[in-house]
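This is what each chain is made of:
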Amino acid sequence: MPNKKQIYDRDKVAIGLAIFVALISFPFWFNMGKASPAPEIKLSDKAKAAKQCIAPTAYMRAEHMAILDLWRDTVVRDAKRVYSTNDGLTFNMSLSTGENSCMGCHVTKADFCDKCHNYASVRPYCWDCHIAPKENK
Amino acid sequence: MNVNYLFSLLVVVALFLFAWVGAGVWEMKYLFGVFIPYAAFITFAIGVIYRIVNWAQSPVPFRIPTTCGQAESLPWIKQNKIDNPSTLWGVIVRMLLEVLFFRSLFRNIKLEFNAGKRIAYEWEKWLWLAALAFHWSFLAVLVRHLRFFTEPVPFAIQMLEEMDSILQVGLPVIFLSGFALLAAATYLFVRRVVIPQVRYISLPADYFPLFLIMAIAATGMFMRYLTKVDIIRIKELTMGLVSLHPAIPDGVGTLFFVHLFLVCVLFAYFPFSKLMHSGGVLMSPTRNLANNNRAKRHVNPWNYPVKVHTYEEYENEFRDRMIEAGLPVDKKE
Numbered sequence: 000m001p002n003k004k005q006i007y008d009r010d011k012v013a014i015g016l017a018i019f020v021a022l023i024s025f026p027f028w029f030n031m032g033k034a035s036p037a038p039e040i041k042l043s044d045k046a047k048a049a050k051q052c053i054a055p056t057a058y059m060r061a062e063h064m065a066i067l068d069l070w071r072d073t074v075v076r077d078a079k080r081v082y083s084t085n086d087g088l089t090f091n092m093s094l095s096t097g098e099n100s101c102m103g104c105h106v107t108k109a110d111f112c113d114k115c116h117n118y119a120s121v122r123p124y125c126w127d128c129h130i131a132p133k134e135n136k
Numbered sequence: 000m001n002v003n004y005l006f007s008l009l010v011v012v013a014l015f016l017f018a019w020v021g022a023g024v025w026e027m028k029y030l031f032g033v034f035i036p037y038a039a040f041i042t043f044a045i046g047v048i049y050r051i052v053n054w055a056q057s058p059v060p061f062r063i064p065t066t067c068g069q070a071e072s073l074p075w076i077k078q079n080k081i082d083n084p085s086t087l088w089g090v091i092v093r094m095l096l097e098v099l100f101f102r103s104l105f106r107n108i109k110l111e112f113n114a115g116k117r118i119a120y121e122w123e124k125w126l127w128l129a130a131l132a133f134h135w136s137f138l139a140v141l142v143r144h145l146r147f148f149t150e151p152v153p154f155a156i157q158m159l160e161e162m163d164s165i166l167q168v169g170l171p172v173i174f175l176s177g178f179a180l181l182a183a184a185t186y187l188f189v190r191r192v193v194i195p196q197v198r199y200i201s202l203p204a205d206y207f208p209l210f211l212i213m214a215i216a217a218t219g220m221f222m223r224y225l226t227k228v229d230i231i232r233i234k235e236l237t238m239g240l241v242s243l244h245p246a247i248p249d250g251v252g253t254l255f256f257v258h259l260f261l262v263c264v265l266f267a268y269f270p271f272s273k274l275m276h277s278g279g280v281l282m283s284p285t286r287n288l289a290n291n292n293r294a295k296r297h298v299n300p301w302n303y304p305v306k307v308h309t310y311e312e313y314e315n316e317f318r319d320r321m322i323e324a325g326l327p328v329d330k331k332e
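From first to last, the protein sequence lines stand for chains W and G. Residue numbers for the first sequence follow numbering that gives the first Met the number 0, beginning at 0 and rising by one. Residue numbers for the second sequence follow numbering that gives the first Met the number 0, beginning at 0 and rising by one.
For reference, chain W alone in the conformation it holds in the complex (with noise of 0.2 Å):
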């Protein structure tokens, strides 16, 4: 009778594991046990003393995408240009003109926009068009 302990074809089973385990241990040996730990967003003095942006940080952190999404179209569509909070507060509907816009308070792009960005691999395509601010050093 066939002895069940034997393995056949020893070594081709065995470059097939071995790839299979480098596969799926790829995440643990790609970062080789060093911590990356979250980025820290640097605001501005300007956008700390607001303390808040046009909705609560935890809003804006989720929803932010969809909120430029949405004012994008409105300015092309319907060429409504500001925005009231509930606060009764008004911003200017863009992205990147003037003081009362997006960047006006978020001032510089490397370290409000691309931090957090970077580190979720996300590669929003606003600067296709628009011209990230000059950074202030």
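In short, the hints are calculated from the structure, not lab data. Any given hint could be a false lead.
Said to hold, decoys possible - Pairs of lysine-lysine residues, derived as DSSO-like cross-links and limited to a Cα-Cα distance of at most 27 Å, are as follows:
no.	chain 1	residue 1	chain 2	residue 2
1	W	LYS114	W	LYS33
2	G	LYS124	G	LYS273
3	G	LYS80	W	LYS47
4	W	LYS108	W	LYS79
5	W	LYS41	W	LYS114
6	G	LYS227	W	LYS41
7	G	LYS295	W	LYS11
8	W	LYS33	G	LYS28
9	G	LYS80	W	LYS11
10	G	LYS273	W	LYS4
11	G	LYS306	G	LYS295
12	W	LYS4	G	LYS306
13	W	LYS47	W	LYS4
14	G	LYS80	W	LYS4
15	W	LYS50	W	LYS108
16	G	LYS306	G	LYS330
17	G	LYS109	G	LYS124
18	G	LYS80	G	LYS295
19	G	LYS273	W	LYS11
20	W	LYS45	W	LYS114
21	W	LYS47	W	LYS114
22	G	LYS227	W	LYS50
23	G	LYS227	W	LYS114
24	G	LYS227	W	LYS108
Claimed, not checked - Just a few of them, taken from the derived set where beta-carbon distance is under 7 Å, the chain W residues facing chain G:
no.	residue
25	PHE27
26	PHE29
27	ASN30
28	ALA37
29	GLU62
30	ASP68
31	CYS115
Since the structure is predicted, the reported quantities are computational estimates derived from the model, not experimental observations. All C-beta atoms, glycine included, are put in the ideal place defined by N, C-alpha and C.
Given the coordinates of chain W, work out where chain G should sit on it, guided by the hints.
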């Protein structure tokens, strides 16, 4: 209503609710965010290796490839080198086409009686197409998720994301593979329910992974496109897992834990299920052997040394008596 798919559906719903209540109400976030993922990963790795080694212990003494073309023969008869391979390279090409493009499924035909009660063989490519869409989009989804498990994110994964979001619809941009996965899995489920013959042979083991994958895809897309999650906190969690410094950051939504739990169930279930066809296809002797039964000698691995008694030995033993009886012998003395 069919017990088989109803049972599978209820199991997936129960798993969903279990994670929802466990992570959301009982706040057992460490269990769902750290302990279960590690346990599932270890179960998956050891289980798959165990199954493969177990299969490798079955001897295949005779070449039994399913041949689909002319075998190697006389020089003037043209061999089909891929469908009836006689060399290692032929086998490799055949396996690659099978694994990457499901060639044997492409041959699928449907037998039908047409109007004149004559048998007709019809092309049936939908299963092949859906299977191809399902597996490739699942691979794309899986590889894309590596962005949560690598820092910095490798260029190849970024490129895949770019290709996947090529339509630039909405924000966050739509990933095509997620929708393809959900659509293909739905088709594969509907096919099992709608075609009577297929429904007859479908078991909970067929429906359960489909429902599970549909639930995983649905929760993932729900998080990305509708309810939204704090992706930075989630990457903090996943990076903690792979750098072996697990921690649960604040502000990770319950739906994420449900998604993660369903993925863990899929991984842990994998080695014990039909999903092992992914390893099994490489181990199937009807695919991975060259058709060289006569060209090469294949020794049966469980052959034991047979005790033989040659004529020479026989004659040596009985020579005297043979000569006495007047029988012819090879050697006189």
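Checked hints:
1. LYS114(W) to LYS33(W): 19 Å, holds
2. LYS124(G) to LYS273(G): Given that 27 Å is the threshold and the Cα spacing comes to 22 Å, the pair holds.
3. LYS80(G) to LYS47(W): 71 Å, violated
4. LYS108(W) to LYS79(W): 25 Å, holds
5. LYS41(W) to LYS114(W): Holds, at roughly 9 Å.
6. LYS227(G) to LYS41(W): 23 Å, holds
7. LYS295(G) to LYS11(W): With Cα atoms ~19 Å apart, LYS295(G) and LYS11(W) stay inside 27 Å; holds.
8. LYS33(W) to LYS28(G): 23 Å, holds
9. LYS80(G) to LYS11(W): 22 Å, holds
10. LYS273(G) to LYS4(W): 24 Å, holds
11. LYS306(G) to LYS295(G): 26 Å, holds
12. LYS4(W) to LYS306(G): Roughly 25 Å between the alpha carbons, so the hint for LYS4(W) and LYS306(G) holds.
13. LYS47(W) to LYS4(W): 69 Å, violated
14. LYS80(G) to LYS4(W): 35 Å, violated
15. LYS50(W) to LYS108(W): 19 Å, holds
16. LYS306(G) to LYS330(G): 24 Å, holds
17. LYS109(G) to LYS124(G): Holds - the C-alpha atoms of LYS124(G) and LYS109(G) are around 10 Å apart, at most 27 Å.
18. LYS80(G) to LYS295(G): 17 Å, holds
19. LYS273(G) to LYS11(W): 23 Å, holds
20. LYS45(W) to LYS114(W): Roughly 19 Å separates the two Cα atoms, so the pair holds.
21. LYS47(W) to LYS114(W): 18 Å, holds
22. LYS227(G) to LYS50(W): 23 Å, holds
23. LYS227(G) to LYS114(W): Judged against 27 Å, a Cα distance of about 19 Å means the pair holds.
24. LYS227(G) to LYS108(W): 23 Å, holds
25. PHE27: 6 Å, holds
26. PHE29: 5 Å, holds
27. ASN30: 5 Å, holds
28. ALA37: Because about 4 Å separates ALA37(W) from the closest Cβ in chain G, which is inside the 7 Å limit, the hint holds.
29. GLU62: With a closest approach of 6 Å, the GLU62(W) hint holds.
30. ASP68: ASP68(W) check passes; min Cβ-Cβ to chain G is 4 Å, inside 7 Å.
31. CYS115: 5 Å, holds
Checked against the numbered hints given earlier, this structure breaks hints 3, 13, 14; the rest are met.
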